[in-house]
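A.B. asks: Please model the complete structure; the sequences and the hints are all you need to start from.
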Amino acid sequence: MSRGFKRLILGCMNAGVEKHEYILYMNVVEKFGPPIYDQYIKALMEISRAITSDLFLEDLLKLIVMVTAKVTGVEICSLWLIDDNENPPKIRLKATQAFAPEYVKDRSLDLNEGVVGYVATHKKPLLIKNVLRNRKFKEKEMARKLGLVSMAGVPLKLKDDKVIGVLNCFTAKPHDFSDTEINLLTAVANQAAVAILNTELMVKTRVIQEELEIRKMVERAKEILMQRRRMKGDEAYRWIQKQSMDTRKPIRQVAEAILLSEELYHK
2 MSRGFKRLIL
12 GCMNAGVEKH
22 EYILYMNVVE
32 KFGPPIYDQY
42 IKALMEISRA
52 ITSDLFLEDL
62 LKLIVMVTAK
72 VTGVEICSLW
82 LIDDNENPPK
92 IRLKATQAFA
102 PEYVKDRSLD
112 LNEGVVGYVA
122 THKKPLLIKN
132 VLRNRKFKEK
142 EMARKLGLVS
152 MAGVPLKLKD
162 DKVIGVLNCF
172 TAKPHDFSDT
182 EINLLTAVAN
192 QAAVAILNTE
202 LMVKTRVIQE
212 ELEIRKMVER
222 AKEILMQRRR
232 MKGDEAYRWI
242 QKQSMDTRKP
252 IRQVAEAILL
262 SEELYHK
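Take the sequence shown: its letter number 76 is residue 77 in our numbering, and every next letter is one higher.
Each hint should be verified, as a subset may be incorrect.
[To be verified] As a list, the in silico DSS-like pairs of lysine-lysine whose alpha-carbon atoms are at most 27 Å apart:
1. Lys-91 x Lys-158
2. Lys-125 x Lys-71
3. Lys-137 x Lys-158
4. Lys-250 x Lys-160
5. Lys-139 x Lys-106
6. Lys-139 x Lys-125
7. Lys-106 x Lys-91
8. Lys-106 x Lys-63
9. Lys-141 x Lys-71
If you are wondering where the hints come from, they were derived from the structure by calculation, not from laboratory data. None of these values were measured; they are calculated from a predicted model.
C.D. replies: So this is what it looks like as C-alpha cells:
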C-alpha cells in the first residue's frame with residue numbers, strides 16, 4: 002500500500018467514510034492505475050479537509066463543485082440540496098462553478114420534477130447520454146444554449162441512507178460515464194453529505210451556544226435590575242424587552258449595557 006493511499010485512508014477515517022469505500026478506492030487503484038488514483042486523492046482529500054474546517058456552508062458547497070469539476074473535467078457541476086422546511090419539500094440549486102446566467106439563476110424543483118428530483122427520490126445515480134433526447138430532463142432550451150450533452154447525477158447520502166441532495170455533472174460532448182467515474186462521483190457526493198451535515202451541526206451548535214450566552218447575560222441583567230430598582234423577575238425582564246424595542250437594539254446589547262453600568266458602578 003502506497004504512502005499516499007495510507008494518507009487517503011487516514012483522512013477518510015477522520016471524515017467518517019465507511020470501510021467499503023476504502024475497498025472501492027483500492028480496487029480503482031489496482032484496476033485503473035495512478036491517473037484515476039490521483040483524481041481520488043485530489044478530490045476526496047480536498048473535501049476531507051473541508052469537513053474539519055470552519056468554512057461556511059455556502060463556501061463549502063462552492064468548494065465541492067469546483068473540486069469535482071476540476072478533477073472530472075466536466076463542463077458544469079452543480080449541487081442541489083433538499084429543503085425540508087418547504088411543504089411539500091423542494092430541492093434547490095445551491096452551488097455551481099458555472100457562470101452562465103441561465104444556469105446560475107435561482108432554481109428550485111419539487112421532488113417529483115426533473116432529473117434531480119428523480120435522483121433524490123430513487124436514491125441512485127442517473128446517467129443520460131443526451132439530455133436533449135431524454136424525457137426526464139426538462140430544461141432542454143437551457144441545455145441547447147449552454148451546449149450541454151451528457152449528464153450524471155448522484156445522490157448525497159448519509160449513513161442512514163437518507164438523501165439530502167444531488168450532485169449533477171454535465172459534459173459538452175457525448176460521453177459514456179464509466180463505472181469508475183460514477184464511483185468517483187458517488188464517493189465525492191458521500192463525502193459532501195458528511196461535510197454538509199457537519200457544517201450544519203456546527204452552525205446549530207454555535208447558535209445554541211449563543212442563545213445560552215444571551216440567556217445567562219439577560220438573567221444577570223435581571224438580577225441587577227431586581228436589586229437596583231426593586232423589581233420582580235418578570236418586571237425586570239419586561240423592562241429589558243421594552244428597552245430593546247424602544248432603542249431597536251438586540252436584547253443582548255441591552256443586557257450588556259446593564260452589566261457594563263453595574264461594573265462601572267463598583268469601580
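A.B. asks: Each of the hints needs a verdict: does it hold here or not?
C.D. replies: Hints versus structure:
1. For the hint pairing Lys-91 with Lys-158, the CA-to-CA distance comes to about 17 Å; that is within 27 Å, so the pair holds.
2. For the given pair, Lys-125 sits about 23 Å from Lys-71 by alpha-carbon distance, which is consistent with the 27 Å threshold.
3. Distance hint between Lys-137 and Lys-158 is fulfilled; the C-alpha atoms sit about 22 Å from each other, no more than 27 Å.
4. About 43 Å separates the Cα atoms of Lys-250 and Lys-160, which puts this hinted pair outside 27 Å; it is violated.
5. With a C-alpha separation of about 16 Å, the suggested pairing of Lys-139 with Lys-106 holds against the 27 Å cut-off.
6. Straight-line distance between C-alpha atoms of Lys-139 and Lys-125 comes to about 19 Å, which keeps the hinted pair within the 27 Å bound.
7. For the hint linking Lys-106 to Lys-91, the alpha-carbon distance of about 16 Å falls within 27 Å, and the restraint holds.
8. A C-alpha spacing of about 15 Å is found between Lys-106 and Lys-63, which places the hinted pair at or below 27 Å, so the restraint holds.
9. Distance restraint check for Lys-141 and Lys-71: the Cα-Cα separation of roughly 25 Å lies within the 27 Å cut-off, and the hinted pair is therefore satisfied.
Checked against the numbered hints above, the structure breaks only hint 4 and satisfies the rest.
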